[in-house]
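Residue numbers (our numbering), protein chains in the order written: chain A, 1 to 259; chain B, 1 to 317.
One thing to keep in mind: the hints can contain errors.
Distance condition first, Cα-Cα at most 27 angstroms in a straight line; then the derived BS3-like pairs of lysine-lysine [said to hold, decoys possible]: (1) Lys17/A - Lys149/B; (2) Lys267/B - Lys279/B; (3) Lys131/B - Lys17/A; (4) Lys290/B - Lys277/B.
Worth flagging that the hints you see were computed from the coordinates, not collected in a lab.
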Amino acid sequence: MREIYAVLTLAYRDLLKLLRDPTRLISELMFPLLFIVVLGGSLQSTFGTGSSFDYITYVFTGVFAQTLFQSASMGVVSLIDDRENDFSQEVFVSPISRYTIILGKILGETLVAMTQALGILVFGFLAGVRFSFGQLIGLGWSGIVICLFGAAFGVIILSNLNNRRTADQVFPYIMLPQFFLAGVFNPIRSLPWYLDFLSRISPMRYAVDLTRDIFYLGRTDYVNAVLQGPVYNLTLMTVAFLVFLFIGTFLFVRKEQNR
Amino acid sequence: MAETTLKAQPIIEVENLTKRYRGAKDSAVNAISFSVRAGEFFTLLGPNGAGKTTTISILTTTLNPTAGAVRIAGYDIRRAASAVRQNIGIIFQQPSLDFNLTAEENVRFHAVLYGLYPFRPTFSTMPRAYKQQVSELAALLGLEHEMSKTVKKFSGGMRRKLEIIRSLLHKPSVLFLDEPTAGLDPVSRRTLWEYLRQVRREQGTTIFLTTHYLDEAEEADQTCIINHGRIVASGSPEQVKSQLTETYLLIDAENRSQLREELRRLKIEFTETTSFKIKLRGGEVQRIIKAIETPLSLVKTHDPSLEDAYLEIIKEP
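Build the full structure now, drawing on both the sequences and the hints.
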């Protein structure tokens, strides 16, 4: 019971820290805003008019998944310098299990990313995307799945990094290529074999595709936007989630003890 | 002192503790041993890079030792890290508070992590016992009207006080403080010390302190001076002083040759510089002065402070 209370406390603290810091809240919504309104809008007016492809919706769904995935994994990676920062120093010397720390962080970063999701829905609406109640529910649960998946990806990254400097140097190279390989803004239905291979090993691809599975369901342009069905994506994500989480947590806890 | 000898069993035992960081040529801490009795006020003194922070990190379970054994409150730091953590409180060098959260939230999250109370999202939904404990501690430190304010608005002294309130919530048997008064103004420093004395008196908490303020170590029961990863002196501040420095008497006379003759005749050892320097062992000042008949123009005793002893030890050869 005590470890459950600890997980809840850690998660709640992450959420509260975000809500009490308006500057951070605004800055974290800046990129989704730029991507959806500026990039999506310009693609739509350049290539979208006259064609059947709806760029705004395509970019909106892509950015929704990308933001949640990236926010959750970056949040977990922040554990790397937490032992030198604020209240987190306390967390590392408190009598709770290291597994609890990881779980609390994953849950906390999921809450943080889902708060951003609300902002992204608003941007999408302002940019002209319309959604039904069913689509909202779909975005809700797929969003949670994506956050958990992104957080687990963060754990495996975290377990292979030694300090904040390496993290800052390496992280952009892990994230940025996935923007394009996962097809956040650009259609990736037909790629040369080597790009296709890289795309298939990019975890973000499955997060983005799952969101489009849900959002495009029943629409005529489903075949243009979606790569694989939801069962395929969900299965792959579940397997990868478990692998990332168990190996990552194991390595992290072991490293914690051998410092 | 009488109280500490009654509870004689050591609460901290360190045996041949060694830490060599990966890839480092020399050990940061090299086979150090010491023990601290329950209720004692212990200080670890040393210059930067001496191994103080390495030692305190190992003792507080955030760093694993390369070799050696450490037991705190009877628990091995490696095999029972969680039990050790439950028994200690830590005041870090860097503030360990969330500045955007309220003082009470910082305290509440700590209380839940230490298993004292269940998790509740607001103060008003917390159990009555918690509310009472917090308001008592806050009143003790004069923070009763500040607990719902964000920590951002606190002064450095108030933040330290809050950290101490928080670290005592789970009634630790040892409180570790890593240079706690660094960066505080003299008034806050004094208030903090008064409060720590009170805590020791009322709760019998063992205090383990690293500091570079030597006056803070003067009132310790036991002091260890560490340099280059080794303990170079240990004992009560008085013992450390006598181990490392000499107390001496300086005298002089108008008639120096008469005084010189007389000291030789009395078989008192001395060295002559600008005056006559006589080493003292215990309270023999009066005996020496009484024996000398030559009229003296100067009588001065030199009693070194711990600072003198400390500077003596850490000076590079």
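Structure-based check of all given hints:
1. Restraint check: the Cα-Cα separation between Lys17/A and Lys149/B comes to about 15 angstroms, which is no more than 27 angstroms; the hinted pair holds.
2. Taken as a hint, the Lys267/B and Lys279/B pair is honoured in the structure, with Cα atoms around 13 angstroms apart against an allowance of 27 angstroms.
3. Taking the CA atoms of Lys131/B and Lys17/A, the gap is about 22 angstroms. The hint holds against a cut of 27 angstroms.
4. Distance restraint check for Lys290/B and Lys277/B: the Cα-Cα separation of roughly 16 angstroms lies within the 27 angstroms cut-off, and the hinted pair is therefore satisfied.
The structure meets every hint from the earlier list without exception.
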